[in-house]
Structures are given as structure tokens and as C-alpha cells.
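Chemist: Residue strings, one per chain:
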Amino acid sequence: MAAGARVEVPSSPDEVGEVMRAAAEEELRVRVRGGGTKRAWGGAPPQPPDLELSTERLDSVVEHNEGDLTAVLQAGVPLARAQAAFAEANQMIALDPWLGDDGRATIGGVVATADSGPLRQRYSAARDLILGITVALGDGSVARAGGKVIKNVAGYDLAKLFTGSFGTLGVVVEVVMRLHPLAANRVTAIGTSDEPDALGRATSAVGHSPFGAESLDVAWADGQGQVLARFGGARPEATADRVVELLGEEGLTAERVDDDEGLWQRQREGQRSSDGAVLRVSALASQLPSMVRAAQEAGASLVGRAGLGLSWISLPAHDTGGLVATIEDLRRRLRPFSCVVVDAPDDVREKVDVWGEDATQLMRRVKARFDPHNVCNPGIFVGGI
Amino acid sequence: MGCGAIDTGLVERLTGICGQDHVLTDKDQLRTYECDGLRHYRSPPPVAVLPGSADEVRAVVRACHEAGCPWVARGAGTGLSGGALPIEDGVLIVLTRLNRILEVDLENQRVVVEPCVTNASVSDAVGPTHFYPPDPSSQVVSTIGGNVAENSGGLHCFKYGFTTNYVTGLEVVLSDGDVVTLGGKELDRPGYDLIGAFVGSEGTLGIATTITLRVIPVAESHETMVAYFDSIDAAGQAVSDIVAAGIVPAAIEIMDTLSIEATENWTHAGYPLDVAAALIVELDGPEAECDARAGDVLEIFGTAGASGTRVAEDEEERALIWKARKAAFGAMGYLSPYYYVQDSVVPRTRLAEILRKVQELADESGFRIANVFHAGDGNLHPLVCFDAKNPGESERAEEVAGAIVTACVEAGGSITGEHGVGVDKKKHMTEMFSEQDLDAFQRLRCAFDPDGLANPGKVMPTPRLCGEVPGPYRRHPLEQAGVAERF
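Going down the list, the protein sequences come from chains R and L.
Residues 0 to 384 (numbering that gives the first Met the number 0) make up the first sequence, in order.
Residues 0 to 486 (numbering that gives the first Met the number 0) make up the second sequence, in order.
Next up, chain L with everything else stripped away, as it sits in the complex:
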């Protein structure tokens, strides 16, 4: 795969399309793009191009197709699985100039954006009455295009779902440069749910150049509560009790001692440093409902043995509580020069068991492992702290992180809840999927990108080509009618 050394002909064509200022070949400039948020994978691209419009994206992709050259698309580069890691022999298509909000149709609760509009600015555009629910912690920087590629979640997805639940329309540039429109502002257009297939495809099916999102009204009332526990198990029990009571909080998050220590250093949000776990529960809904349920939650905190509780008195305090949680990854720098963020999932009821396993791995390996997790949906983010300056330590940290993933899959979970497979989790794909499953994935990829030019080397554990359709061949009626060709 790849087109060898990028030939000067292609660079000239890209320059013709986007202008000299927007085609980078200088090694120092390209270093900016050598990695995404997963910093221990680095590979400077031979050329980066920054198209300024959907038409330019299409022309760039078409030029790559004609040159047989693979490419990787990139937004803000906040991804945590190496999904936007450049390839040595391909073009990096940087979409940051496509950053306009094209339309706000509040009446129909839709917003139409270009891919590099940031996540937070969508909510800003429709607030304070409405909001865009998926809210990854990186939301001030991370872009909707990247969110679409990764099917990003966030703190509020236990109740509100993920990016895929909010995309109603896409304009996509396929790897041959053709543009397809999927869906629109309306729901249930006839045909296959190709939006469902595209969202979360990690840049391997094409580039979304226009994205239509659904936004929803802000709930009347919010109650943000924190309870402190002497053991993570007790906090986990409180979560189980809340779920068993039929309560669906907007968010349920747990931070352990190490995470609290790290974030307090930075945010001074007032979390006590001597507790084993802080459980954050946010309810939203109509006032009467929220009040009733908040009382239930506080009672459950008590029954589960909370050593203390805190209820946000106003919007400012609510923001502070969340600031600490959202800062958890970034703040980890206070504890350790390097850390490896893991993102695996277990069925919620297996959380306590898996956390004991994580502790065992920490004890055995000697690494400190901080835990922050989306407790409602069983999505763990253990942060394995290490020092890359010590020889062999990053490899060992990665091994420990890998062992956590394997344990989660064995418990019936997933190798990734929201960060994606990218390059980071490729090797774990076979723990979760059989050869036949992977073959089915490849069918989808081949339908979209038969030449394998879109972000090759990501997601699938081993490189695969799109061959002829296997098995006894029967002439397809669609081919007979001349409406489809075989790839």
C-alpha cells in the first residue's frame, strides 16, 4: 500500500488545488502533525495539505486517488487511539480550515456544520435553550468531524447517547473523490443507514465535509451531587442501587484517590483528598421529577455508606465539579510525566471485579494506576503512570494497559468505549471479533473504499485488500441492468 515517495507531480497538483501556503512539505512544519493525542506513536507525514472548502477536499482526494496515494484525514488531533496518525507514504489531509457553522435551524433542532467546528461551539450556537449532548472532555478543542469519525461519547452519554445518535445527515467525500449525501435534516430517508455505518468508522470510509446534527432542549432542572466513599466498591454499589431504582442520571462518574489528587492540584474544586472514591451524579429533567429523584439519590448515597456528600448550590458550583472531572486526564501530568490512558468497557455489574483486577495489575507492575470512569456505562479510563525516560518502562506500561483490555473483554466488555481502535487497539480486535466478523467489517470498507486509500492500517488488525467477491459467481441483476459494477 502507499504510493512510495510522494512524487512531485502530486505535490504540484495539491498546490494547484489549495495554494502554496496550504501545502506543507517542510520537515519542521510537518512535525506539528506527527501524532494525535496518543503521543507515543509518531510518524511525520511526507506532505500535509490544508484544503479550505469541501470542493478542495474533493479535489485533493481525487488527486490522491488518481496518483494511487493513500491519505489520512485529521481534525484537531485530540484523538486518543492514533486514528489520525499519519502514514509514511501518504498525504495528511488537515481539515482545520473547514470550521464554519453553516446553518442553525433551531426550529427543527438541527445545526449544519463543517467538520472542524469544535464540539463546544455547537452547544454555544444553540444555547442557552438547547444543547448538543455528546460532550467529550476535549470538547473545547475536539472537532465534530473527529467526533463523527470516532463516535465520541462523553460524560453525559449514559442518558443521552453518543455522536451517532445525533447525526442526521452527512456529505461525504469517498476515496475516489465522489461526493455522496447521506440522510439530511429529516429522519428515516429510504435506504440503508449509511450514516450509522459511517459514524465511528475512524476515517476509513471517507471524509465528512458537511455534518447535520440534532440538538435538544436543555432540561428545566439539574441536580449535581457528589458523594465520597471509603472504597470504590461502595461507590460502585451506590451506582448499582441508583440504576436498580430505575433512575437514569444524565451522568454518573467515579474518580479514585489518585485522580482526585491530580485534579485538585489544578482545579481546586474542593474534593477531599482522603477518600477512596468520589461519585458524581447529575440528574436532569422537569423540576418536580428532578427534585423527587435527587432525594432518592441522596438516600441511596447514605445507605451505601457515603462518608460525605456535596450538592451543587448553583451553576457555578456545578461547573466547578465538572471542571475537575473533565480535567482528569490533563491533570495527570502533576502526578506523572507520562501516562497511558486506557479506554475499555465492562458490563456495569462487573466493574468492581475489574477494578480489583486493575489494582492487582498495579501492585504487580509497580505502576501507579489512576482510575476515572463513566460508571453508568461501565467505561473505564485507567491511567497508567510511567516515566518514559526509564528504559523499557513505556513498553511495560503498554503491556499493563493491554492486560486491562484483555480482562475487560473476558468479562464480556469491549476493547474501546469511545476512543476508537485506531492503531492502538488493532492488536486487540481479534480478542473481540472472529475472522468472519472481521470479514464482514471488510465488506463494508470495500463498498466505500475498494482501493484501500482511506486511512489504511487503522482499525483492522491485519492489512486486507478488497478482492473479487468470493464464491460461485452469478451475474447480478443489478449488473445486468448496468447499474452496478463489481469491484
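Isolated chain R (complex conformation):
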């Protein structure tokens, strides 16, 4: 908790609205807190928040509609807890970012930061899985958009607008999520190579294959890399075996791993760092070899959603100056692709623009309309929004 910040722990959407209304009247800067696993993300705010709004008591799974494959969750529900409940019905929210050592990350936090994990290859991102949203805006009004059905085009899709907005447009209070069946069996085809180009060819071969991998990742550390392709379903083994062959044809040493959960947990963890810095690069799938080489030459490791062109480059702990210089080098090298600093020590965060680019006028206009009094998480988003 920020020193000196008051803490409010509302227990209903309306109470969140009341807290926000009071904050607007008092001209307070409000920071929202969920499980606290991504607290440092975003830019260093120019001034500390006056008030911290904790979603801790907004912790109920309001509805789990098994037959409809939907669920309504309050923002403070730890995602791990919800997933455990859905798993009993062989269902899941197809979002699997790293959730913290003790699984504290909340659905609200995952949505607000648009965090994602390896399942993104098949199921896309939080924006694609959110069906409806309830938000408390900076003036205390509580609004809903979307709905509770998986198909709905009534009204503007504010759920997507709020996803990844880092709480700067309002407080995410409740979300409606689409669920998917949990695969009965999952296995992984894994191939190893120390050639970035071979990894690129292999991921391209799998990514363009008609096999529909659930996850398609790459990992690179210390001069060696892996391609991991996970298949889920009633009979995933046969498909994985064919992908093992495919990886072999591209020059990788490949095998099938049946007990594969550890591999994927490592991929999720690779997107985070507790003492170094992690840079998320939005590139194209075809750029994978350049990403790998850039990481290698920066002395960094990399995990990536190889089929989607997203990479997380993880720089080991170093002094502030060293980390700042490496981040800036990587940004120059990887231009024009966006490089967002995800994790980094506070003093690094203060010296670099974590977003790496400015906000557009249109973004500022959106902010000004939704949060005219600049109450909601001011200063931490792109361009100082």
C-alpha cells in the first residue's frame, strides 16, 4: 500500500460507486487494488494515490451457468479459485496468465491489465472472452455494458474498452466471462534447437498446420530454445505425435511430453520477473528469429506466443543504469515494434517510459469523457493518462 493512502474496501458495486463519487468530490486520486500481483505495472504515477480501493470484498462468483458456458464474477475473485470451481464442471475461463505464487491474482486485475498466458493461441485474449462488464466511473455512476450471453451486439462494447485500460477509465466491478470446456487430456510436442531460424521455421510450420494447437509457445535461454505445442481434447496424442514429426523435419530434436503442466507453468512464469525486467514485444510471428537473437545478445531469456508474434524478453537483475540501457537498446533494435516494460524495479520504472510511446489524442478524449475529474489511476497509463 502506498504510504499515507487511505484504504476503502467496498463490498458491492453500489458501494464502489459511492467511494468513487466521494473521491471525485474530494478530488482524490484513486488507485484500484486486486490481488496485488501486478501492482507495479504501468508507469510510475507522478503523485502517489490518495486512496486505495481494494476489491478484496467483491469476491463472489455471482453465477456459474454451466449449460450456457458463462459466469458472472465480481472483480475481486481470485482467478485461481474461480478456475478450481469451474474445473469441477470440466470448464474454464480460457485465460491462464501467471497468477502469483499463492494464486492471488484476481479476475478484475487480469481484465484491467489484459494479462494472458499460453491459452491465448487458441482462445485469444481477455478482450475476446469478456461478454459483459459493470464499471464504476470516476463520478460514481455505475454502468453496465454487454450482457450475459455469448452473442450480443447491443450497445457499445465497453467491456473491450475497459479491458487493458489499467483502471484509468473507471473501476471494473463485475465481469461476465465466456467459459470453455476443459480439455479431457492434454499433451505437448516439444522440440529443441540452438538455431533461432530453425525455431522460427518450426513455429511457422506448426502455426500454419491444420492441427489447431491449444498453445504454441517458444522459449529461449542460454543459447538454446524450445518450441512447445500443446494439444487438448479426447485424443490429443495422435495429433501431438504428428507435430513431433513436423518439428523433427525442421531440424529440431523433438519428443512428446504427456505430463506437461510443468512446462507450461514455466512459460507463464517466464513472463514475469521479481528482480529483473520484462519487456513485452508486440511483433509479428515472422519476426521470431530476430526477437530471439535480440534477447540472446542482450543476455536475456525469452518466452513467446510464437503463433501470435508476442514475446516477453526477461532481463536478469542488474543495476538500474544497466537495465535502463539494455531496455533502450532493445527498443532501438526492435523498432518499430512496441516494447512495453511489464515488470521492472521501481527506480528503472522511473527512468524509462514503460509504455514506450505516446497516447493518441483520441485516447485522451476517451479518458476525458469517462474520467473527467481524473480520479481513476491517474498518470500510470500510456502518455501519462
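Since the hints were derived computationally from the structure, they do not count as laboratory data.
It should be emphasised that the depicted structure is a prediction, and the values quoted were computed from it without experimental measurement.
Every residue gets a Cβ at the ideal spot worked out from N, C-alpha and C, and that includes glycine.
Hints are not guaranteed to be accurate.
[Unchecked claim] Covered by chain R, according to a simulated footprint, are these stretches of chain L (three or more residues, beta-carbon under 8 Å): (1) 145 to 158; (2) 184 to 191; (3) 204 to 218; (4) 240 to 254; (5) 340 to 354; (6) 367 to 378; (7) 405 to 418.
Given the coordinates of chain R, work out where chain L should sit on it, guided by the hints.
Modeler: Relative to the frame of chain R, chain L by itself:
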């Protein structure tokens, strides 16, 4: 709102931008554009302009802005909610000349198009190895720009999602003529997800002049199966059982007797005419997975009491099965001179209940109501058949259709699954959204279009203006820094 009679100065400017041949003011020519696919709303525009490039679109929009004149953008005009219905005192911007595929980047699974490229031609451009999943039944004609405006779905969205899940980049002309670039080929560019806000905004936030789409590989194997049932309830039960078994078909569709009768007249696809419902299930995926799951589905058909089943033996038969389904709306002309297509949604588990309600409404009103629906996602398309030549009948048909919408909302659903609000569903918006919800929508609209020039009178139930930002005013740090102004 509006700029009164379109003044000759504006028409001259539009002519200067697009050339005489591409500015229409003749009443007979304008009649072509008086409605979209929702034909009982008609309003010929006073002027239609057909720009030939993104730059011309920008110049046209800027000219309208300077004249204070509202406009409506239009693609192929296949929309079913009146979203492209012209306004009496505004310009109709017809985008049909922007029909080029600008780039196919198969390596990165992206296609960059102008707005009036047809939906089907995107898949054609990347086939047979890849495809563009959203596939509205109008796909041969309907355009990507229109799909973006409406967030179009289609037959395969239960598994593959909607237009919004496949747009990664947009170039948009805002109502002041400024051009903004949202996203690109890459994912997760920093900043607000304005693509998410724009897709499905029904032409009220601006005009997309360049659209970047994600395409995906075609699955290795497809199994298309049809089962026939003696009651819609039994077909619905089969759908529930499939979902409960953890199967995610690429498509699950139901047609009732009337729909089958209509489509058989046209397509001769071989559906029996004496069944209450035909359930079409398509699976796709790796061969081993598809084979295993197809066996499960056939077993579920049997358990649910199917009176017969049909499995597509080859691609030709698969196409025929789908041809019948996709023809359902068009074929309805064989049954009735006029019909009103409804597009509402219920949670899937409430389908049986809502269909009974639809039947009750049909019995009470005397109208025949055909049902085709996307059973996987609870999206109903009841077709209310009527004859507009009988006085008062179209109004009564619209009332019946409206009652279906209301029942769906009461069951926890939505007033529209894929056709949009447009003018048709405006009056139902308040059944689904509170005043505060609508106010939040308006904030978005005002951020994009503070002057209210883009497709006014659509989506929102009552006209709203973008006033000053309400509440106690505190000087915004962004304003202090001179980087933002208040609208």
C-alpha cells in the same frame, strides 16, 4: 441535427472531391440507396457520394464537418437493422468503390483490405489453406466494412467468434475528417482497445477505410452431420447434451419445419419435409479428434431420439447442407411475400422455453413464424411471415417480433445477436440498459464524434448531444499541459 436542405455549396464541394459521376442527386438514382436489408424503413438520401479512395473519404467527411452536415456510411446495404438507412438531411457516403484487397500477408496470417471487399473474398484470398472465420449468410455480398460496423457473426461463431475477434488494425476517418490508426498487424499495442470499441459501433464512431484482419488455418478435418427430430425440444436437448459433453462444434444450427419447407423449395438439399426440426452439427479439428467426437455426436443424436441422421460424405454434400441453411432467409419468399427477421438472443439453456413462447405468439397472432437459429449460442432468427398488402399487418407483425425481443431480454438475453440495433431495435435498448448505461455509451460516442455527425439517430434510443463534461470541474492535467482540449 442535420444541415437542413443540403446546400449547393456542399454538393459542389463533394463534386470537386469525387467527380461529377460519383455524386448523385437525381431522385431516381437515389432510390437505390433508400434502404438497407431492412426494407420496411425507407428514406431516400438527398445526396449520395461515392468516394474512390481513403483520401476522398477523408475529404468528403471533412467537407461535411465544415458544413455541419451529418452523414451515413454504407457498404453493400445488406444490414438487417437499418443501420445504413439514410437520413433526410444528411449525406450518404457509399463506399462500394473502396473494394481492393491491399495486402495478403499469409506468413503472419493477416489480410489488409478496403471496407467494401466482400466477406467471402477474404477467405478466397487465403484459401484453401487458411480462412476468415466470421461468415454471415450474406457473405458473398456483404462487405468487411459493414461486418466491422455491425460486428457480424455467422454460422461458425460458436467456436470461432465474431468479426471483433479478427480485426487487429483499423484506419478510421473520424467525423472531423481526422484519420486515426488503431492497432495494426501486431497485437497488444499500448493504449486503449479502441478497435474493440469501434467494431460493432454501427457507423456511429467513424468510417473504417483500411481494415487488417486475422485469418487462420483451415482445420484438417470436417464432419458435417444432420439429425432430424420430431420436436424442437428434442433437438434442443441434443444440443445441450453435446455442450455438456465438452464438445465445441464449429457450428450448431437448427431449422424448423417451415424453414426446411422454404429452403427445400429453392435448394433441394434433401432435407425431409415431415420433421419438426433439423439439427446441423459441424465439427472440425485434427482428424483423430474429429473422428472421435463425431462418434460421440452421433451417439447423442440417437439418445436424444433422432428419427434420422445424415453425414456429409464429401465436400459437395457439406456445401449442399450449408447452402440450405444459408438460404433460409432468402428462401422465405417462397412462403410469404413479406417477412420480418428477428435477431435476439437467450442464454442457450432457455431456448426451449423461448421457442414455446414464440409458438404461443404465432398461435395468438395468426402469423406463421419460421425459426432458424444458431443453437450453440442461443441466437434466434424467428421469421414472422406477413402480407404488407393487408392493412395494418406489417405493424402487427412488427409488434409480434417486438414481443419476441422483450421475452428474450426477460430471459436474460439480448435484443440483438448479430444484426445490430440500427433504427430497428432502438426502442428496445431501454429494456436492456439503464440510463447510466446509456450515458456511458454516450461518453464513448462523444469522444469519437463530439458533433454528432456520424450516423445520427441510430443505436441510442433517444437523441443525445455531447455537452460539457458534467459535475464539478477541475482543470485536467492534460489540459494544463496543453495536450487535450475539452469538448
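Chemist: Now tell me, hint by hint, if it's right for this structure.
Modeler: For each hint, the structure was consulted:
| no. | hint | result |
| --- | --- | --- |
| 1 | 145 to 158 | holds (count 5) |
| 2 | 184 to 191 | holds (count 8) |
| 3 | 204 to 218 | holds (count 3) |
| 4 | 240 to 254 | holds (count 5) |
| 5 | 340 to 354 | holds (count 5) |
| 6 | 367 to 378 | holds (count 4) |
| 7 | 405 to 418 | holds (count 8) |
Violated hints are absent here; each numbered hint is respected by the structure.
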